[in-house]
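Undergrad: Now for the letters of each chain:
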Amino acid sequence: MAAQETKMMIGTSNRIELLLYGNRFRPGLIKQTVVYITLFILAAVFLLPFYWMAVTAVKPNDQIFSIPPIWLPTPFQWSNFVTVVTTQISSNYPTVLQSGLNTLIITVNGVIATLFSSSLVAYAFARMEFRAKNVLFLGILSTLMVPFAVIMVPQFILWTYLGWLDSYLPLMVPQWFASPWNVFLMRQFFMTIPKEYDEAALLDGASHWDIYFRIMLPLSKPVLAAVAVFAFVFFWNDFLNPLIILVTPTKFTLTMFLANFSMMYQSTQWNLYMAAALVIITPCLILFFLTQNLFLRGINITGRMK
Amino acid sequence: MATTTITSKRAGFLKSKKRRDTLIAFLFIAPWLIGFVFFMGGPIIASLVLSFFSWNLLSPPSFVGVANFSDLLKPNNLFALSLGVTFRYVIISIPLSQVIALSLAILINQRVRFLGVWRTIFYLPAVVSGVAGSVIWLWMYDQQYGVIDNLLKVIGIAGPNWLFSKDLALWSLIIKSLWNVGVPMVVYLAALQGLPQMFYEAADLDGASEWGKFRNLTIPLISPAILFNLVIGTISGIQTFAEPYVMTSGGPVNSTLFLGMHLYQVAFHYLQMGQGSAIAWLMFIIILILTVAQLRLANRWVYYGSE
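The listed protein sequences correspond, in order, to chains A and B. Residues 10 to 315 (the working numbering) make up the first sequence, in order. Residues 2 to 308 (the working numbering) make up the second sequence, in order.
All the pointers check out, no bait thrown in.
Covered by chain A, according to a simulated footprint, are these stretches of chain B (three or more residues, beta-carbon under 8 Å):
#1 35–41
#2 48–61
#3 103–117
#4 130–138
#5 238–251
#6 276–282
Computed cross-link-like contacts, EDC-like style, restricted to lysine to aspartate or glutamate with a CA-CA straight-line distance of at most 16 Å:
#7 B:LYS154 with B:ASP143
#8 B:LYS18 with A:GLU138
#9 A:LYS40 with B:GLU211
#10 A:LYS204 with A:ASP219
#11 A:LYS142 with B:ASP22
Everything labelled a hint here was simulated from the structure, so no lab data went into it. Every value quoted in this text rests on a predicted model; they were computed, and no experiment measured them. Here a beta-carbon is modelled for each residue, glycine too, at the ideal position from N, C-alpha and C.
The shape of chain A in the complex, shown without the other chains:
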């Protein structure tokens, strides 16, 4: 009733005012226009590096160095991708394909190892009672902030002693020993699963392993998927760690390949350089597009912890 009356009372001029300036429930036309124009400009700025990379990647050699720059090459030289992926510059250097395979092995191992070891530890902290539990959990929390730079020198010495330098072992073994961030993330998720499930299973004589493997893991798919995606992007993009450990170029990962590109080609062929960059970032981009919501939710779980 009251609402109808108010509606009737609003005159034409008020309606135009509402349309232009809006109110709390309805943003006005002017405000909307400003917001959209700003968004478009900013989006263009943020996408420019991607566009510049992509468009350079398909340029024929003679169109890279032209002033003013060519915004749309004719024709698109798609063969740049084939060239850069399959060319072996010299027998000492890997192809992108070889480097990609190296990276894939390290990444897949890293994802599986992280999922398994971190969830196991997280389960104990979420569901089991044991001596020194609180102290140990505090220990995990306190290592969250330890920067890699601090442990890389002594770790390097450890690898030297073990004879692991220039092998994939330092990049594949420590991953099986749980990472603090992921333990924390998974423990928080496990805590939200009702205890009734495992209590019922315990009465039926199930062991902790059964509960972990048959009840917790299947119920924790969202957090497992989020951790898996994060771990994939992390290991795929990791640079400093493999840079310290790997010496033989044929063992290089993709990030190392990219960082050494101009040294290997002995001149900077920007179209091939950008084609390589595009090939290297594509798996992460695809993964991100496919799992966006998981990804963003994962960030916000960590963001909300204080």
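Could you slot chain B onto chain A? The hints should help.
TA: Just chain B now, kept in the frame of chain A:
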């Protein structure tokens, strides 16, 4: 009589069960315990010991006392220089990143259409590796053929030689870092979307201005997110490595010699493990002090009232 035996038997059973539970629990946490001892705690302690030695991995280490540290504290050495570069970068880049990330989050939060698409666009750089991102910007910054200077030319500005100028190289890396604000933006966006509407309704009734609402409502309400982003941003900013390694190699004239770059060179180019350990430890202490300081200062401005 009978009852006591039963109770004591039961207590013994419980005790052994408890012991068994603890044993099983330690099997579950064994991966972290072992990893902590061998790959983290052990190495950290080892590097503290090592920082009092001079060692190049080839000849046996020799004890040098605090020489590694006193060397670092001498004026005009590369450590002091790299500390200056890193601080300048962090002090400019981190606050600017927060302003941009928060502005983007506020823009996207204006009930726009295709929220997911905008969010994706601004988040995208965070998915790209530091190396790949640096390689792209290396090409963008090219003085003759790069896209930035050519766009500047269109509006009549002669583009500078970004990465090869002693005065601009660090700024070039700062500008590049502002492209990478996806993570803080997503954190701000989530904080904004969780704001209680009733406060704003009350403010509207009081006739509060947009700026007043932003300053007195939004900022205090999202202050925990600001703190989180500041702490995380500072920690990762101090460790910046891939960008200077790929784009400038620390130059020109060491103007982008970050702490991480310096540590890398000392430890892995010159194989000075003792000196490297000392630098790593000082870096650790600096990060620790900055983090604790940020958390302490937080009591003055971070608002936890809603929880």
